[in-house]
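Participant: Construct all of the structure, not just a fragment, from the sequences and the given hints.
When the letters of the sequence shown are read in order and numbered with full-length UniProt numbering, they come out as residues 1 to 483.
It is possible that some hints are incorrect.
To be verified - Within a straight-line C-alpha distance of at most 27 Å, the following computed BS3-like cross-link-like pairs (lysine-lysine) qualify: (1) K381 - K271; (2) K381 - K443; (3) K22 - K244; (4) K264 - K442; (5) K442 - K381; (6) K271 - K442; (7) K443 - K271; (8) K115 - K25.
By construction, these hints were calculated from the structure, which means they are not laboratory data.
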Amino acid sequence: MHEASIKKLELVVPKLVHMTLKNGKPVVAPEFWHAIRDLIHQDDNFLSLRKAGNDEYDFANEKQWRSIVSRLNNDPAFASRLNASIGRIEGNVADNITKKLPAFWDSWVANNENKISRMVGTAVDKIALPKTPKDIERRISELVKRRMNADTGVGVVVTRDEFLRHLENEFAAHRTEIRAEISELQPKLEQMVQDSIALTREDLPDGMARAEVEKLVQTLVSKSIADMNLEALARGRIHAHWDKDLRNQVNYFGVGAGAVINAKFTSQTYKPGPDDINRKGLLADDPLLPIDALMPWLDDGHCWCGARGPNRRGNPHDVSLAVMLGHSIIPQQVVMEHIIPLATTDAGARPKDVEVYASIDDPEVRSRVQDFAEAHFPDDKNDWQYTPTNLPPYFVKIGQFVYEGAELHDGVHVHHLSTELLALGAETDQVVIRATSNYGAKKHTCFYRVRLFGQRIEGPPAEETSETSETSGLFGGRWKFWK
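Facilitator: Spelled out as structure tokens, the structure:
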């Protein structure tokens, strides 16, 4: 793993980390990879990089950087913008990471602390800290060993350094798949450097020294290396977990698991115009129904497309898919599939910003989950695009994410909901997936397949109410056997 990646992790990883056991060996939990991916996605100051001989990306060669820096330094407008920005950017790189922790690490860190508290107790807080970092780590290690003489079967607690060594081993063991992930990330890096240069050409005072430009560029590039390597590793491990474990668990959005569509809270099916019918043929003339978004698909057009509902300004906005489950569960993962852009004539209809809502009957539990939602997913009511959902008050937002279906993984995006939902007891038997934006289609957004995984709550099924019993027929669509 690149040194810049390790330094970044040292800023954010707690001093003690809980690791699960698999076949008696500590492994990095999938939740960590989701947490690190989310953190990186909010840290977009990337610069373009060049592939190094060790199959990682590294700084471009010195000759190239000297040429870039010289050219930029001779541009007064660009140089002065950098001069105005260098202190802010360099001074805030680490600070920006820290500020993002509550939003993107809160769930993982809280869950980590809870597990450690149960296994190690609160004695860590009572340690009289030694003077040197090495002594601190030694004292913590001794405490952990004393409190964990017996194998509890629920995991182990390791120090930050040991956890980072496990991450380095993961990186080394999965170098081939990481190489493929990095290749897919490169176009994004190239676009970001172009955007960064464009932004720096606006309304600037006078120039700066060549050394300052070089220092700024190297600071940003070092950060980019860390982000890219970590994201490649995180994406690879997330999808490895999907392929080997998650897809073999019960999909509670499966018709075979009792899922049906609630038409009352589901958007209208999009009715294509004459041009679409000529372009798409029979599927446009006889569009698939909401239940088809819960079933396997094979080719372009094997999806349900919802008509975008209006926002408060009357412009097309969101599409919702409401699903009644056959079981009560605490949701933990949403898996969204979409055909890759190059394989469809309607790439703009891919969902982009996605929200997840759950119906929670117990008022006390609902209140706790609402507090959780307000802390983690606050609505920006000043946003001109802000459009509240029309769902009844017993629905609570439990997650949100940006769909980024990687071509490397056939358009599959795995989103891990907060593990805090387990502690909150956020039991539900109805979930709504709401896409508030897409990648360009004006009138519709399409869902190829959405799956839901979680922890099943044993017990008798909840009684239906008049507000939750309206479904679109038995299945709300047709059976398909494409896969």
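Participant: Work down the list of hints and note, for each, if the structure agrees.
Facilitator: Okay, the hints, checked on the actual structure:
Among the hinted pairs, K381 with K271 is inconsistent with the structure: their alpha-carbon atoms are about 31 Å apart, more than 27 Å. Of the supplied pair hints, the one linking K381 and K443 holds, its CA atoms being roughly 24 Å apart against a limit of 27 Å. Of the pairs offered as hints, the one joining K22 and K244 holds, with about 14 Å between alpha carbons and a cut-off of 27 Å not exceeded. Distance restraint check for K264 and K442: the Cα-Cα separation of roughly 23 Å lies within the 27 Å cut-off, and the hinted pair is therefore satisfied.
The suggested pairing of K442 with K381 holds, with an alpha-carbon distance near 23 Å, which does not exceed 27 Å. At roughly 13 Å between alpha-carbon atoms, K271 and K442 fall within 27 Å of each other, so this suggested pair holds. Restraint check: the Cα-Cα separation between K443 and K271 comes to about 10 Å, which is no more than 27 Å; the hinted pair holds. A hinted pair counts as satisfied when its Cα atoms are at most 27 Å apart, and K115 with K25 qualifies at roughly 17 Å.
When each numbered hint is compared with the structure, a violation occurs for hint 1 only.
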